[in-house]
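2 protein chains.
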Amino acid sequence: MDLPEDLSRSGAAAAAKRKVEEDANSGPATKRSSNSSSEGVENNITAVTDEKKSIVQTTFQTLDGFKVDSILSNSADFKRIVVEGTVGDQKAVIILDKKPFTEDILSDLFSKKSELVHTFQNDIYGSYDCVLEPKLSAVKTTIVHPATKQHIDKYRIQPFYLVQETPEIYKSVTLPYLQSSSFDIQWVHNILAHKKEADRIIFEDPDPKTGFILLPDLKWDGETINNLYLVAIVHEKGIKSLRDLTAEHIPLLQKVLTEGSEAIQKKYGLTKSQLRVYIHYQPSYYHLHIHFTALSFNAPGISTEKSHLVSTVIGNIGLSPTYYQDSTLPFTVKKGDALCEKLLENGYKF
Amino acid sequence: MDLPEDLSRSGAAAAAKRKVEEDANSGPATKRSSNSSSEGVENNITAVTDEKKSIVQTTFQTLDGFKVDSILSNSADFKRIVVEGTVGDQKAVIILDKKPFTEDILSDLFSKKSELVHTFQNDIYGSYDCVLEPKLSAVKTTIVHPATKQHIDKYRIQPFYLVQETPEIYKSVTLPYLQSSSFDIQWVHNILAHKKEADRIIFEDPDPKTGFILLPDLKWDGETINNLYLVAIVHEKGIKSLRDLTAEHIPLLQKVLTEGSEAIQKKYGLTKSQLRVYIHYQPSYYHLHIHFTALSFNAPGISTEKSHLVSTVIGNIGLSPTYYQDSTLPFTVKKGDALCEKLLENGYKF
Chain A
1 MDLPEDLSRS
11 GAAAAAKRKV
21 EEDANSGPAT
31 KRSSNSSSEG
41 VENNITAVTD
51 EKKSIVQTTF
61 QTLDGFKVDS
71 ILSNSADFKR
81 IVVEGTVGDQ
91 KAVIILDKKP
101 FTEDILSDLF
111 SKKSELVHTF
121 QNDIYGSYDC
131 VLEPKLSAVK
141 TTIVHPATKQ
151 HIDKYRIQPF
161 YLVQETPEIY
171 KSVTLPYLQS
181 SSFDIQWVHN
191 ILAHKKEADR
201 IIFEDPDPKT
211 GFILLPDLKW
221 DGETINNLYL
231 VAIVHEKGIK
241 SLRDLTAEHI
251 PLLQKVLTEG
261 SEAIQKKYGL
271 TKSQLRVYIH
281 YQPSYYHLHI
291 HFTALSFNAP
301 GISTEKSHLV
311 STVIGNIGLS
321 PTYYQDSTLP
331 FTVKKGDALC
341 EKLLENGYKF
Chain B
1 MDLPEDLSRS
11 GAAAAAKRKV
21 EEDANSGPAT
31 KRSSNSSSEG
41 VENNITAVTD
51 EKKSIVQTTF
61 QTLDGFKVDS
71 ILSNSADFKR
81 IVVEGTVGDQ
91 KAVIILDKKP
101 FTEDILSDLF
111 SKKSELVHTF
121 QNDIYGSYDC
131 VLEPKLSAVK
141 TTIVHPATKQ
151 HIDKYRIQPF
161 YLVQETPEIY
171 KSVTLPYLQS
181 SSFDIQWVHN
191 ILAHKKEADR
201 IIFEDPDPKT
211 GFILLPDLKW
221 DGETINNLYL
231 VAIVHEKGIK
241 SLRDLTAEHI
251 PLLQKVLTEG
261 SEAIQKKYGL
271 TKSQLRVYIH
281 YQPSYYHLHI
291 HFTALSFNAP
301 GISTEKSHLV
311 STVIGNIGLS
321 PTYYQDSTLP
331 FTVKKGDALC
341 EKLLENGYKF
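Protein chains in written order, with the UniProt record's numbering: chain A, 1 to 350; chain B, 1 to 350.
Everything labelled a hint here was simulated from the structure, so no lab data went into it. Some hints could be false.
Intra- or inter-copy, both count: the list cannot distinguish identical chains.
In the EDC-like style, the derived pairs of lysine to aspartate or glutamate whose C-alpha atoms are separated by at most 20 Å in a straight line are [what the hints assert, rightly or not]: (1) Lys99 <-> Glu262; (2) Lys196 <-> Asp123; (3) Lys140 <-> Glu103; (4) Lys349 <-> Asp217; (5) Lys112 <-> Glu168; (6) Lys135 <-> Glu341; (7) Lys267 <-> Asp77; (8) Lys113 <-> Glu133; (9) Lys272 <-> Glu223; (10) Lys335 <-> Asp205.
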């Protein structure tokens, strides 16, 4: 949870990010020029004009000239730091990500150029600092510049809190909040109507009550089996979340689990026991969808306070048909989120 | 799940590892000597004699001379690779971990020495490769040498599978397996009897039926609140796991949740809503213990197929006193593990 992922598919920020990722390999519509907008940043930047938008982009040559204003997040697990900085008179967000090791560098890595400094020895365990060749230890760097307050806030890690949502809190706070918010799920309806992403569908059961469409999640490259991630979107409209599931939905859930797993095994080779099939609460959009990830994948949002295995959900509804209406359910909120504010207004104590 | 952690505190390998960690700052009981056991590894090693064990330890000066035999694991998330190698005629395990960014290096990092190579630009998003000063990009390296097959197997990532454990499978496979295995939990009894680690106890409720001891988990440094990790060990002996919990244990679980959270708030400042309080199934040792981690910490083993929030456990037992005897419970097994073999022998289909 050091590195919260934006799971939303609506939301302007997410859409912008998605666009960046999609365009990552298509090359920039930019052209080098000799203009320079440097102020107090000597010998560091090259100005580039974006012809389409007539704005001057800046290409930096070193990290010199950035004044560090604050650390927005720092993940010791994932080896990533995000910094808010100023360069000249403009704000920037700088994201530094250490790169994974790849197999193709091993022959360069196991060489005389990898110097070891011994730090301690205990029995057969030797501990060292190893300095690699510079080319083997480059850091993936993203510079958002110029950055607005919105960009900076998007990358700033916020404290978050566990909520124990009783049925009363759901009825008096969460449900009214959901009903008053205008969550745009037109893109879901486009998929269900085959208007968009039809070529991405892996499997469909067309039954309006118990059917669903299975397709790769946007975060997945569609190829790497270790990181397999698909999502099943149910045809029935009106099931907002886990809270709405009752005994009548057992056939739907059973179908998703069985047919979805079979379709994945057929296409990608992973068996049912190599899959994690689960529902988020709270979800990122309020139309029932079920996540399928490779069990080997440390996917975002699989922690116990957020994810509910479909097999367990079926078991719980089987035990008590109104389990998800009667139970206290956990979920997390970020400080400052609208739902967090609503809970505070209604006297919830964090 | 790319990086399975060894959560076990019993087991010889884990004990050895723990010893290494405990002794990390106390300095090795070794002495440099001019002996050399190098074979085919020129100018690379320094032999060191461990006086207590009369064995010759090797200190390596570079990564040259290691023949890479196989990759035991490679985590793109955590930027860690573990390699099985041969040096001379002996086996070794080499663990390379990229280091987290720390705040104290930022002034060195944002300097002319951090060279940027522009890879692409899309609107305000610039993507670069950044080559840092060598001292800023050292890699934490652990060399296990000489390594036995047992060491190599310990670090080898194995496929793992989700098991849906019905009550029948628990009774016919899991329980007999547990009862026939000699899990050594003397160290747990030492803690409960105040014979060991007494100075590490944060809180104790001495009640023999509903009491527990709360102390920092060995994996925690005891200081960094973002990674806070404590464990509550119950005084009552004989509760092997989640499967044994019934309505009679609600007072115990409620106490752990309330008193444990209060003790943590008092000592470390995190409130109840900033904590994740959960039980593992399967646990790493079969004496009931409850994990407390900072909600912000992406702790190992918090995924939905492994961890059960105590609040949800209390709710489930409240709904049905024998919920954990009657339900199908998920857990994961690694290929080759004893329990995995037992399940296969008994006809379980993965």
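Hint check results:
For the identical chains of this complex, Lys99 and Glu262 are neighbours neither inside a copy (34 Å) nor across copies (40 Å), given an alpha-carbon limit of 20 Å. Taking identical chains as interchangeable, the C-alpha atoms of Lys196 and Asp123 are never at most 20 Å apart, the minima being 60 Å within one chain and 24 Å between chains. In this assembly of identical chains, Lys140 and Glu103 lie within 20 Å of each other by CA distance both inside one copy and across copies; the values are 18 Å within and 18 Å between. In the homo-oligomer, the alpha carbons of Lys349 and Asp217 never lie at most 20 Å apart, since the shortest distance is 35 Å inside one protomer and 28 Å across protomers.
Taking the shortest Cα distances, Lys112 and Glu168 never come within 20 Å of each other, neither inside one copy (66 Å) nor across copies (58 Å). When the C-alpha separation of Lys135 and Glu341 is checked against a cutoff of 20 Å, the pair qualifies neither within a copy, at 47 Å, nor between copies, at 45 Å. Within a single copy, Lys267 and Asp77 get their C-alpha atoms no closer than 32 Å, and across copies no closer than 25 Å, so neither meets the 20 Å cut-off. For a Cα distance limit of 20 Å, the shortest separation of Lys113 from Glu133 qualifies both inside one copy, at 6 Å, and across copies, at 15 Å.
In this homomeric assembly, Lys272 and Glu223 come within 20 Å of each other (Cα to Cα) only inside a single copy, at 18 Å, whereas the closest approach across copies is 41 Å. Taking CA atoms no more than 20 Å apart as the test, Lys335 paired with Asp205 passes in neither setting, with 40 Å inside one copy and 33 Å between copies.
Comparing the model with each numbered hint stated earlier shows that hints 1, 2, 4, 5, 6, 7, 10 do not hold.
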